[in-house]
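Just so we're on the same page, my numbering is the position in the sequence shown counted from 1, plus 91.
Source of the hints: derived by calculation from the structure; they are not laboratory data.
Where is the CB? At the ideal position from N, CA and C, for every residue including glycine.
Incorrect hints may have been included.
Taking CB as the label site, the calculated pair distances span [stated by the list, open to error]:
hint, residue 1, residue 2, range
1, 262, 294, 40 to 48 Å
2, 186, 233, 34 to 42 Å
3, 313, 238, 19 to 27 Å
Capping the alpha-carbon separation at 20 Å, the derived lysine to aspartate or glutamate pairs in EDC-like fashion look like this [said to hold, decoys possible]:
hint, residue 1, residue 2
4, 243, 307
5, 100, 123
6, 243, 218
7, 243, 173
8, 118, 218
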Amino acid sequence: MRWALESGKHVCTTNKGPVALAGRALKQLAAERGVSFEFEGSVLSGTPILRTARRMFGGLEITGVQGIMNGTSNYVLGRLEEGVELSAAIAEAQNLGYAEADPTADIEGHDVTLKVMILANEVLGADLRREDVFCEGISAITPAEVRDAADKGLRWKLVGSATRHEDGSVDARVAPLALPAHHPLAGVSGPLNAVAFHTDLLGTVTVCGPGAGRTETAYALLSDIIAIHQRHADDDTVPTRPVLKETHRV
92 MRWALESGKH
102 VCTTNKGPVA
112 LAGRALKQLA
122 AERGVSFEFE
132 GSVLSGTPIL
142 RTARRMFGGL
152 EITGVQGIMN
162 GTSNYVLGRL
172 EEGVELSAAI
182 AEAQNLGYAE
192 ADPTADIEGH
202 DVTLKVMILA
212 NEVLGADLRR
222 EDVFCEGISA
232 ITPAEVRDAA
242 DKGLRWKLVG
252 SATRHEDGSV
262 DARVAPLALP
272 AHHPLAGVSG
282 PLNAVAFHTD
292 LLGTVTVCGP
302 GAGRTETAYA
312 LLSDIIAIHQ
322 RHADDDTVPT
332 RPVLKETHRV
């Protein structure tokens with residue numbers, strides 16, 4: 092990505108790692124070279140969470156974010172609620188294509204940690220490193236605990252959150268929480284993802300949508316390409332009319 096930006100090329104990616112770990116440096120490099128660095132799909136795949144925060148919340152102050160940002164862990168918790176053991180639930184998620192061959196990053200919260208870093212840095216103006224985010228996964232939760240919570244009207248969810256305090260500092264964490272039914276994230280089930288923005292004037296605004304999938308990820312890239320075209324439409328380096336010669340499955 093650095094090579095492309097240094098060469099004066101626009102970059103769009105759905106890879107959360109570079110954005111979480113080096114996003115500020117890559118954005119600065121893009122600005123210096125007069126090109127764009129777009130990464131809408133790095134948090135919720137095709138669901139436009141970053142552009143929603145940047146473009147639709149004018150006049151609002153976002154004080155915090157909470158989200159279900161990993162479909163695998165969300166699916167697994169739902170199956171635990173139905174009495175399925177953790178290992179069996181993970182195997183089901185793998186068979187359905189939700190989980191990787193090694194599901195550690197999903198189950199232990201590492202995937203969500205990177206997404207929380209991106210959200211906090213982009214939406215709350217933080218500059219978080221990986222070690223700044225407390226991380227706890229769902230592997231220690233038992234089906235009995237999940238069913239007991241359900242009997243009390245609570246639902247276990249792996250929640251990533253970031254909150255900006257009055258002194259400007261940002262606290263970020265990933266941990267399983269037993270949410271009450273009225274919580275905006277409690278009803279998000281299966282592989283769906285959602286992010287709740289806490290604002291000063293509107294209270295909580297929640298955006299929900301698919302967090303993974305081939306078509307969804309391809310749409311995220313398409314939305315980035317459109318954004319690049321709109322921003323640089325008057326540049327000689329960008330064609331005024333994009334031409335799609337072939338369609339490939341991503």
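Going down the list of hints, with the structure as the test:
| no. | hint | verdict |
| --- | --- | --- |
| 1 | 262 <-> 294: 40 to 48 Å | violated, 20 Å |
| 2 | 186 <-> 233: 34 to 42 Å | violated, 22 Å |
| 3 | 313 <-> 238: 19 to 27 Å | violated, 42 Å |
| 4 | 243 <-> 307 | violated, 35 Å |
| 5 | 100 <-> 123 | holds, 12 Å |
| 6 | 243 <-> 218 | violated, 38 Å |
| 7 | 243 <-> 173 | holds, 15 Å |
| 8 | 118 <-> 218 | holds, 13 Å |
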